[in-house]
Amino acid sequence: MMKGLCELLDVIINPAIIVVAMVEFVLLCVSTWIMSKFKLRISKLNRKELKKSRIKKQAKGVVEKTIELESNRDWEEFDQFLEDYQKQGCWYSAYSLIIQIFTLLGILGTVVGLYLAMSNGQDMYQGVELALSTTILGILYAVIYKIFDIIIVSVFINYIEDGINRYEKIYEIDNEDATVKAVMEQETY
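Going left to right, the sequence shown walks through residues 144 to 332 as the working numbering numbers them.
Hints are not guaranteed to be accurate.
Unchecked claim - Dumping the calculated DSS-like pairs for lysine-lysine here, alpha-carbon to alpha-carbon at most 30 Å:
{"hint": "1", "residue 1": "LYS182", "residue 2": "LYS289"}
{"hint": "2", "residue 1": "LYS289", "residue 2": "LYS180"}
{"hint": "3", "residue 1": "LYS312", "residue 2": "LYS180"}
What the hints contain is simulated information worked out from the structure, not anything from laboratory work.
Could you build the full structure based on these sequences and the hints that come with them?
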């Protein structure tokens, strides 16, 4: 029973690793495209800020320059951005999770190959060949796709997360200003 299962896995594991690699390539392309769209959107959202500067001359040689930031933020657009980011971020999540499957398939192939090598005295080399080929394929694809994962994180996701953090800090400041203005308006009545 166990030998039959191992022989079946012998036929399935390497092709499975290759099929998973093809699916992973599609997920890589889709994830990169989606993350580039979100990087552009958060960049546009963070540019929606008006700057005013005033220069006052107080005395000879003394100049006071003040810069006021006036928030011109669209909070509904930001909320929609966050909702879309959560929904479409599942593509990247699937991509990053599948990277781990390569290693697991490689280990599975190694174990099955070694079992076949130990149970078949005559076909020992076939079992060792399976063990080595699945290990090599699993590790190779895991390393390649992990490199692309690091690139996606460094180029897109870190930028997007930083943009979200900047936007949320301004949101807190706007809320505090709105609260202060509301209190001031209530005190004047």
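Restraint check for LYS289 with LYS180, where alpha carbons must lie at most 30 Å apart: holds, 21 Å
Hinted pair LYS312 and LYS180, Cα distance within 30 Å: Measuring from Cα to Cα gives roughly 22 Å; hence the hint holds.
Agreement of LYS182 and LYS289 with the hint, judged by alpha carbon distance not exceeding 30 Å: holds, 21 Å
The structure meets every hint from the earlier list without exception.
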